[in-house]
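Novice: Here is how the chains run, residue by residue.
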Amino acid sequence: MSEALAVEGLTKRFGSTTAVQDLSFSVPAGKVVGFLGPNGAGKTTTLRALLGLVAPSSGRALVLGRPYRELDDPSRTVGAVLENARFHPGRSARDHLRALTAAAALGSQRPDEVLALVGLAADAGRRVGGYSLGMRQRLSLAAALLGDPRVLVLDEPANGLDPQGIRWLRDFLRALAAEGRGVLISSHVLAEMSQTVDEVVVIGRGRLLAQGPVASLTRGASAAVQVRTPDAQALGDALSREGATLEAAGDGVLLARGIASERVGELAAANGVVLHELTPLTSTLEDFFLELTGDVSLAGRGPS
Amino acid sequence: MTALLRAELIKLRTTRTTWVLLGTAAIIVLSVLVIVLALFDHGGRVTGEDLGGLFSFTAIADLLVLSLGIVGAAGEFRHGTITAAFLITPARWPVIVAKALAYALLGVGYALATLLLCAALALPWLAVKDANFDVSGSAWILAIAGRCVYGALIAALGVGIGMLVRNQAAALVATLVFLLAIEPALGAVSGGVATYGLNGAALSIFGASDTGIADVLPFGAGVALYLGYVLLFLGAGTALTLRRDVA
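Chains V and E, in that order, are what the protein sequence lines are.
Mapping the first sequence onto numbering that gives the first Met the number 0, position 13 (from 1) lands on 12, and the numbers just tick up by one.
Mapping the second sequence onto numbering that gives the first Met the number 0, position 134 (from 1) lands on 133, and the numbers just tick up by one.
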């Protein structure tokens, strides 16, 4: 089985609102796949459909080729961290995991093992109500790992983690994928995603916008050329005539898109404009993401 | 199912609400028993009926056991912990069955504890007051059985209500208002409600038909009727849970 997770033509409507529309993508085993999209794009709904919490209006969401509800042993198959993981505030972390361990009929040593794994061993007996957001995220991850699952579905797992925590999470997820597990991780921390994931799936307004390895997607995104000149007006006019889109970054700095840096230099020379800087900017995952979802998220925002 | 039952019992054990509610209930029971015993004129002879009556008083605070079931079931939605339970058991209904069973067991345990408390308090008290015990007949045994059955049923009823009305406060208030005001008021104008309502069914479980109160069902019919109400709420709660998406 090479596909850990597969979404096939998934559509989910809540009343008259369509949260996810005809979405298809897959997560191969042994890969960390980032799931990106602006707020309200349908990420959480998609993850919940994969976990059998939300019934699709049409299409399928499959784990190792089967709908979640038909899995023989869900907790040994999929581990999930859901957004805003919630716990009974009066219960200790260990007791919370003990109840889950009992329900899933796992070994009674598992709570302490996973608590050690996520660095919560020292706080295992404390009531969860006193936990920081970061500690709750770690506890949520511990719960996801109880059954030593082959697939992980993580909704914003980096939320509330401090920089060390995020780095730890990144290494942790890489290690899990190296063991052959498939990991699907949604996040809005794009810089982190590019260092963590093998591939990204980008959705906007419930539809698939792109899927592929980070490097190949960002290569396709239009990079900008940064130019600094004392005569921004003249250069700007020349660039506009060539069809470049311009963005004034202040202090005589222009960001030109849709034009190669060589052409910018040629135009400057032809128009006798002095350049103090000419820098081709490499495109990042964030550029790609904004370019892809910019219109979509603005359209979704309504009149301002 | 054993695994889920064990999980539910762990959840019950590891929240303070359980112990606060049951502790409060036990204190109320104890206080009422002291008053009842102080006012009880045994006339030199304590019968099985007298003992049965005393035992029945131990159910006086069982609305708190009902409340525990409501708070426990609705609390799973309030705290979002139901999601983790449904991830482990995607079929969902076994979680509800296990929860109802766990609370029923707790209800029986609480009933037995209050019965022991009652016996430990009443028997020496009455002995000191020179009562002769004449406990032939089955009245007191039936009272113990009814007490335990009622504890189990009312706790499971709470789970059913909590699964159906997922807002803890709304579920609690609606239930208490219904049981303490609406149903008694309807019962005053309709004998049917008085007999076949939840309160009527409860009375019959405590053997009230033997004490000459009119229009109360026999013990077995009372248990069956109350169980019917429990299953109705649990069934409706389960149907709702199976149909709904989990937020």
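Calculated directly from the structure, the hints in this document are not laboratory data.
Please note that a few of the clues may not be correct.
[Stated by the list, open to error] If you anchor each label on the Cβ, the simulated ranges turn out as follows:
#1 E:G136 x V:E112: 31 to 41 Å
#2 V:P162 x E:I26: 50 to 60 Å
#3 V:F13 x E:A180: 49 to 59 Å
#4 V:R166 x E:I27: 50 to 60 Å
#5 V:A174 x E:V176: 48 to 58 Å
#6 V:P162 x E:F177: 49 to 59 Å
#7 E:M0 x V:R75: 52 to 62 Å
#8 V:R75 x E:R242: 19 to 29 Å
#9 V:A120 x E:G136: 19 to 29 Å
#10 E:V188 x V:R59: 52 to 62 Å
#11 V:E178 x E:F177: 37 to 47 Å
#12 V:A174 x E:R12: 54 to 64 Å
#13 V:R166 x E:M0: 40 to 50 Å
What you are looking at is a predicted structure, and each value in this text was computed from that prediction instead of being measured.
Don't be surprised by glycine CBs; every beta carbon is placed ideally from N, CA and C.
Novice: If a hint holds in the structure, say so; if it does not, say that too.
Specialist: Hint by hint, here is what the structure shows:
no., hint, verdict
1, E:G136 x V:E112: 31 to 41 Å, "violated, 58 Å"
2, V:P162 x E:I26: 50 to 60 Å, "holds, 51 Å"
3, V:F13 x E:A180: 49 to 59 Å, "violated, 37 Å"
4, V:R166 x E:I27: 50 to 60 Å, "holds, 55 Å"
5, V:A174 x E:V176: 48 to 58 Å, "holds, 56 Å"
6, V:P162 x E:F177: 49 to 59 Å, "holds, 54 Å"
7, E:M0 x V:R75: 52 to 62 Å, "violated, 18 Å"
8, V:R75 x E:R242: 19 to 29 Å, "holds, 27 Å"
9, V:A120 x E:G136: 19 to 29 Å, "violated, 60 Å"
10, E:V188 x V:R59: 52 to 62 Å, "holds, 55 Å"
11, V:E178 x E:F177: 37 to 47 Å, "violated, 55 Å"
12, V:A174 x E:R12: 54 to 64 Å, "violated, 35 Å"
13, V:R166 x E:M0: 40 to 50 Å, "holds, 43 Å"
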